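Asks: Residue numbers (the numbering used here), protein chains in the order written: chain G, 578 to 859; chain B, 578 to 859.
For the record, the hints were derived by calculation from the structure and aren't laboratory data. Just to be clear, a hint being listed does not mean it is correct.
Identical copies go unnamed one by one, so any copy, or any two together, can satisfy a pair.
[As the list claims (entries may be wrong)] Straight-line alpha carbon distances no greater than 30 Å define the calculated DSBU-like cross-link-like pairs of lysine-lysine that follow: (1) K783 x K833; (2) K703 x K783; (3) K783 x K606; (4) K784 x K679; (5) K850 x K816; (6) K850 x K833.
None of the values given here were measured: they were computed from a predicted structure.
2 protein chains.
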Amino acid sequence: MNKNRKKIAIVGLGLMGGSLSIALRKVYKNWDFIGLDYNSKHSNQALCLGLVDELADNLDDITDCDIIFLSIPVDAIISISKQLTNIATKTTIIDLGSTKEKISKSIPHNIRANFVTAHPMTGTEKFGPTSAIDNLYKDKVVVLCDLEKSGDYQENLAKEIFTNIGMNIICMKSKSHDRHASFISHMPHALSFALANSVMAQEGSKKIIALAGGGFRDMSRIAKSNPTMWEDIFRQNRKNLLESIEAFENELRECKNMIEDKNWEDLNKWMNKANKLHDIIE
Amino acid sequence: MNKNRKKIAIVGLGLMGGSLSIALRKVYKNWDFIGLDYNSKHSNQALCLGLVDELADNLDDITDCDIIFLSIPVDAIISISKQLTNIATKTTIIDLGSTKEKISKSIPHNIRANFVTAHPMTGTEKFGPTSAIDNLYKDKVVVLCDLEKSGDYQENLAKEIFTNIGMNIICMKSKSHDRHASFISHMPHALSFALANSVMAQEGSKKIIALAGGGFRDMSRIAKSNPTMWEDIFRQNRKNLLESIEAFENELRECKNMIEDKNWEDLNKWMNKANKLHDIIE
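Produce the complete structure using the sequences and hints provided.
Replies: Here's what the structure looks like:
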């Protein structure tokens with residue numbers, strides 16, 4: 578465990594950045610944590626909550642940091658990375674964006690080795706520093722992409738940090754990541770938004786929603802997610818997302834056809850097949 | 578609270594029946610609980626777990642009970658109700674089926690007043706007596722349908738019981754219930770099954786599923802539900818279910834079209850609209 582004093586910047590003090598700070602501060606007790614968030618309400622909240630030790634006003638104030646985490650929307654990661662070219666050779670920049678291919682490709686060439694592109698497969702539907710929680714990262718998967726483009730020092734440091742906060746590391750190409758993430762995260766978000774809107778569009782929707790049990794609550798939870806953040810993700814992963822939505826539509830159409838045709842035997846088999854998912858994840 | 582000694586039968590000793598027994602025994606400590614389940618493994622488990630005091634072999638053994646709960650699949654409720662005609666005037670039969678119109682209509686005329694048709698809006702994806710849990714019913718909604726067809730005595734007793742185990746009672750016509758339930762429960766189950774199958778059909782599905790975070794886990798949880806139970810529900814609520822699936826398909830198509838057309842502004846508005854669900858349910 579690296580216990581040397583380091584200066585660490587967290588850009589974006591929301592759920593992901595705030596919870597990361599909580600996790601890191603438990604392990605790296607003598608590091609200095611500097612926060613930057615262009616939403617002044619959020620940056621002040623983060624300081625009050627003790628998520629960071631001090632606030633930076635702009636990117637110039639953090640270029641001398643040893644490690645810079647970018648826990649901001651995916652489009653902002655791309656624009657901010659272009660403004661971070663004035664850094665030392667050993668600086669490590671780790672972005673936590675939910676899409677990876679466009680980010681990985683758009684990082685300026687002269688700082689590409691400084692960058693480790695990561696996607697922690699964790700989160701909640703909440704946002705802002707007040708939503709930051711302990712153990713958001715513990716025992717979760719983090720995907721590290723295109724590591725051959727990162728410097729050895731940066732790769733090892735990122736792996737050490739993610740391991741020390743209890744994460745399980747999976748490495749893959751950003752192209753594969755984006756396809757996988759569209760199926761396991763981005764398309765399910767589209768479904769949840771569509772489910773919420775389809776129920777609210779019905780006559781007597783309040784009466785319907787009053788009946789909601791655990792199943793509906795679980796399926797509509799992520800429909801509370803931040804639209805601006807998800808607009809960026811959907812834009813960056815547009816092609817994969819469209820393909821995964823179509824794959825889902827085909828399955829649902831198959832289900833609908835079996836119900837229409839009263840083909841109960843095949844419907845039962847189809848549901849049995851779905852049950853098998855839980856042999857793979859608990 | 579009615580503390581008079583009563584004989585109560587629970588037909589179907591799975592998640593719903595077993596958890597109901599746990600809830601009732603906390604309130605009605607001196608009642609006798611008799612269990613009936615045609616799956617002998619389940620009935621023996623229920624006895625061993627102390628969910629019931631004794632087991633009945635068949636329906637004839639329970640016709641003298643004061644209260645009979647039917648916590649069995651919806652098609653079985655219809656067939657069992659036709660075999661329960663030999664009961665006393667004051668006997669109360671309460672079914673817990675997830676569909677209500679066909680059940681309400683098919684109860685034999687001479688015992689219709691004995692029946693209270695109920696749908697507790699609670700459950701988990703698990704089944705069998707070992708899945709029975711404390712507090713499954715507490716603070717949840719139970720829908721009572723077509724109460725004008727139940728006897729006053731039966732209606733009041735059912736309301737008293739559901740209130741005493743901590744449930745919130747909503748009354749409505751079975752026709753409305755089935756439409757509402759298709760949106761809030763049955764269609765979301767179809768989505769969850771379709772989501773599980775669409776992900777498992779992809780190349781490298783195990784690698785994809787290894788990345789699952791909380792969102793995917795929540796959305797695929799009910800894809801673990803019992804296919805035979807859900808085949809019955811889908812059959813009985815076929816028309817409403819098809820309509821609710823189509824309403825969902827239209828919303829998802831709208832989402833897909835906005836992504837295809839790169840109409841990010843409208844997509845953002847559409848997601849903002851979905852966020853409003855959570856002003857209605859927390």
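Asks: Each hint: holds or not?
Replies: Here is what the structure says about each hint:
1. Both within a single protomer and between protomers do K783 and K833 lie at most 30 Å apart by alpha-carbon distance, with minima of 26 Å and 26 Å respectively.
2. Proximity of K703 and K783 under a CA criterion of 30 Å is satisfied in both settings, with 23 Å inside one chain copy and 28 Å between copies.
3. For the homomeric pair K783 and K606, neither the shortest alpha-carbon distance inside one copy (49 Å) nor that between copies (37 Å) is at most 30 Å.
4. For the identical chains of this complex, K784 and K679 are inter-copy neighbours only, at 21 Å across copies versus 44 Å inside a copy, given an alpha-carbon limit of 30 Å.
5. In the homo-oligomer, the alpha carbons of K850 and K816 lie at most 30 Å apart both inside one protomer (27 Å) and across protomers (24 Å), since each shortest distance falls under that limit.
6. Within a single copy, K850 and K833 get their C-alpha atoms as close as 16 Å, and across copies as close as 26 Å, so both meet the 30 Å cut-off.
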